[in-house]
Amino acid sequence: MPLSEVTTPPILVDGLSKSYKKIEAVKRVSFSVSKGQVFGLIGADGAGKTSVIQCLAGVLSANSGSAFIDGIDTLKHPELIKDKIGYMPQGLGLNLYDSLSVDENISFFRDLRQVPESTFRSNKERLLKMTHLDKFLNRPAAKLSGGMRQKLALICTLLHLPDILLLDEPTTGVDPISRREFWAIIHDLVATREVTVLLSTSYMDEAERCHQIGLMHQGDLLDLGTPETLTKNLKGQYYQISYHDPNQLMSHLQQWPEAESTALFGRQIHLHTAVDSQQLKTKLAQLELTDVAFEQIAPNLEDLFMHHLRDKSHAKAPQDSNHHLQHLVIEQSKSGTIECQQLSRYFGDFVAVDKVSFDLKAGEILGLLGPNGAGKTTLIKMLCGLLPISEGSARVVGFDVASEHLIIKRHIGYMSQQFSLYPDLTVLNNIKLYAGLYGLSAKRLKKQIDSLGEGLSLTPYFGRVTSSLPRGVRQRLSLACALLHNPALLILDEPTSGVDPNVRRQFWDHVHYLTQQNQISALVSTHYMDEAEHCDRLGFMQNGKMIIVDTPARLKAQAETICGQLLVAEGVEYANILSTLRTQFPDAFLYGRYVHWQSLNIEEDKRQAQKLLHENQLEAVIESRSLSIEETFANYMTSEALKHAI
Amino acid sequence: MRSRMMAIAVKETRQLVRDPITIVLAFVIPLLMLQLFGYGLSLDVKHIPIVFIDYDRSDLSRDYINQFITSEYFDLVSVSTEQKHADELIKSGQARVIVDIPPDFSRKLRRREQISVGVTVDGSLPSHAEVIITYLTSLHAQFNGELMQQTLNSMGAGGNTLIPVQMAYTVWFNPSLESINMIVPGMLVLILMLFPALQGALLIAGEKESGSIFNLYCSPVKRWEVLIGKALPYVVVAFINYLIIFAASIIQFDVRFIGSFWLLALAALLYTFCTVGMGLFFSVITRTQLAAMLLTLLLTITSAFNYSGFLTPVASMDTTGQIIAHLLPATYFMDVVRGSYLKGLDFHHQIGDLSGLVIYTAAIYLLAWSRFKKRIG
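Protein chains in written order, with our numbering: chain P, 56 to 701; chain W, 121 to 497.
These are computed hints drawn from the structure, not numbers from a lab.
Everything numeric in this text was worked out from a predicted model, so none of it was measured.
Just so it is clear, CB atoms sit at the ideal spot from N, CA and C, and this is done for glycine as well.
Just so you know, not all the hints are guaranteed correct.
Which bits of chain W does chain P cover? Going by a derived footprint, with three or more residues having C-beta under 8 Å, they are [claimed, not checked]:
#1 121 to 127
#2 147 to 161
#3 171 to 184
#4 332 to 343
In the SDA-like style, the derived pairs of lysine to any residue whose C-alpha atoms are separated by at most 20 Å in a straight line are [to be verified]:
#5 P/LYS198 - W/PHE377
#6 W/LYS494 - P/GLN665
#7 W/LYS494 - P/LEU344
#8 W/LYS328 - P/SER390
#9 P/LYS198 - W/ARG134
#10 W/LYS463 - W/GLY326
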């Protein structure tokens, strides 16, 4: 093989810029991906990720710079690279043909790519097995769940055995279980075939699964490197502080000049500061607070993002001063409780919600997690009084959902990332429109405009047209519209999907303030662990049933007791480490460059694994780790033993 | 394994047969349209409702009225004595002609004095009104002629000397002069313009909307393979449609067909290939299905209705009209269709129009091909 081919990276982007009219979507972005690597472009919606990927796929022209696939300029010779790449566009299986069955979709892609019969047969079989779609060959694509669609789309992308994969937000809208399977397939391909993968995501928790990441924000590539080194370079200390009144402590800390940034995560405060733990201890003692405790934590990617955004703006990010929040007063007349008992809903023979029972206290945030089709939406619709119940009973804000559903609607506020504001109306007109829909009196409206305008920092934007506003402001406007009628209960449906970390933090600061200071309660439906982290309690749903409702800490503890703690093996030859470890621990799987498996007997298993690797001349560091929320959730979904233990 | 082109054709066929809306659009609506126009759009002016105001009420005035209402062209609504009543009838649309017979009608005629009969015609449909006036004039002339004959007879002149030159005419191609012989074949041309083009318009814009267009953009498939692969199933659908409409025109509407079945079938195949291609072209240059459909409606059916020679012969249009007419494939096919149905022209006579269709088809596919970029934006 000539030397030049050895050194040419499969993917190379050099000074790439792309503008749409006045908007610079991509600003002089450069990076390369070497063979067998998974590279993650991480950033919010509108960061420019899709444009970069489309330039590489040869479907978008650039203003300047160049993009290469295997050394071929994709901007000049787009047709030459199309045999080499597999490209999956954004959206849940949007490239599939709905009326065609799984098998027909696959055949179409075979013909389109002219895949030779021998390759096709073995590859199809393997991919179907990996994705567990082999049982659904005759099902039309329209009748697949979101996760299944995404897996079928992946099969169609991989059918011609491309060496380079370009995947645009492949896991957006996919439930955590399907997401894990999806990643397992990607990592398996990388390990067995040395496939090179470029993918984009708006979720920070996915970054760890990549070998290299690039952080994108408004067209700029902010930082580049491995997930570990990037966060290691962060200056200062990160602490997690707990106190019974976190909002009070927050306002103290925000006035402290040494505090770089503060953010609320549930009832915990994350503090970024230059001072060491001794100085922090002194500071907290000065505040004369009892029962305050803190521990040092490792910064995560969200912290890294915040660091860069602050650097760019040379100013304190808006969420660092939350004084305006004191104006946020919601005078709800009811207590935002839910008492749900044996609630069921049938659609014909199909049981969408199956005897679900749980409680929500005033001022509490409860997160609902579950795969697509677990019954979350049906449950929420029943609780809002939008869908009649079949059996059981539920009281929401003190009213019965079966007989008093009309009153319930007046006491709940609904918000989702997709929830539409009218983009051509001004901020004030949007507020007035919603006020009209809720039948607010002119006097009440004026009062609400004053308090929400100040409390959510919307007043300076009142005259602006909604579509011209930054995303963060639009999100606050959505929240204001949901709060106009003084609801006691907020229903949040993936409220921060696809937004910047600073916008997301600010949003949750507001929600935490509302729940803790105003005793509003919130029910959050989400697929994302970034959002689940903010909940006081989590409810895991599957097949219409509420499997368990508890605090994240207790859920983790129980999963670790029954299914074991996490063991992580880190070594250079991770593909070989995986195959070796699998002989002894069949459940081991690849997680980025790490091999993960769960163990009930960590010390013994650690020793055994070390011995096994040593015998095979492999080197790895093996550590135990506590389970993440996502892994905890996956345990509850898949482990029969855990389900029996409940 | 299928070729890429066939893979696309098979995929389109599967989508087509599984989508009830496409089936309805492909077969049901065209047939419905044929029914509506076939029965509804008649250019024959017959059974015109007529009102007489007879102030005279004599035998002569009754003879005069009978002259009109015994013809198949006029239907008597009423014989009134009040102007106001008659005016109401024409205003409400119950009558379209008022004939006003003055009180001294018979008296003056007997004295051989000249007299005027007042005629009011509803002119809201000018072409109808013109035809009505022609009918009235000729029936009126007939009455005058009979009166003169009687007068001459009574003066002892006798014989048929009044109208010395008689005209003997023959109508070619549509001897019964029924407009259905012209409307139904015309509808064949319009329907095969509109529906294949509409379906073609959805093909690429639809994939742009759903995002599946990236499958084609990012694969090594050639542009012509996409265009022809997508067109084929819809040409088949349109051709089946042609056969259905052709059968309906002969069996249901009893239209005269004296030409060659095979020649017309060949022309129809060419024409549908061309109209699907027009839709594809609009689909290539637009981003949404809605835009593609609106463009198709505007540029195919509206222009074809007016300029293809459906109602007005191309030869009687002004220069601009004639230029537009020759820019439409419908004009060439209209000639072939009328020539086959009514005139029974052979291949030799139709070669000009057929080559027009061939050139047009080639041009539209070339245009679509050159504008179809495997890129966004």
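Results for each hint:
no.	hint	in the structure
1	121 to 127	holds (count 6)
2	147 to 161	violated (count 0)
3	171 to 184	violated (count 0)
4	332 to 343	holds (count 9)
5	P/LYS198 - W/PHE377	violated (50 Å)
6	W/LYS494 - P/GLN665	violated (53 Å)
7	W/LYS494 - P/LEU344	violated (65 Å)
8	W/LYS328 - P/SER390	violated (49 Å)
9	P/LYS198 - W/ARG134	holds (16 Å)
10	W/LYS463 - W/GLY326	violated (42 Å)
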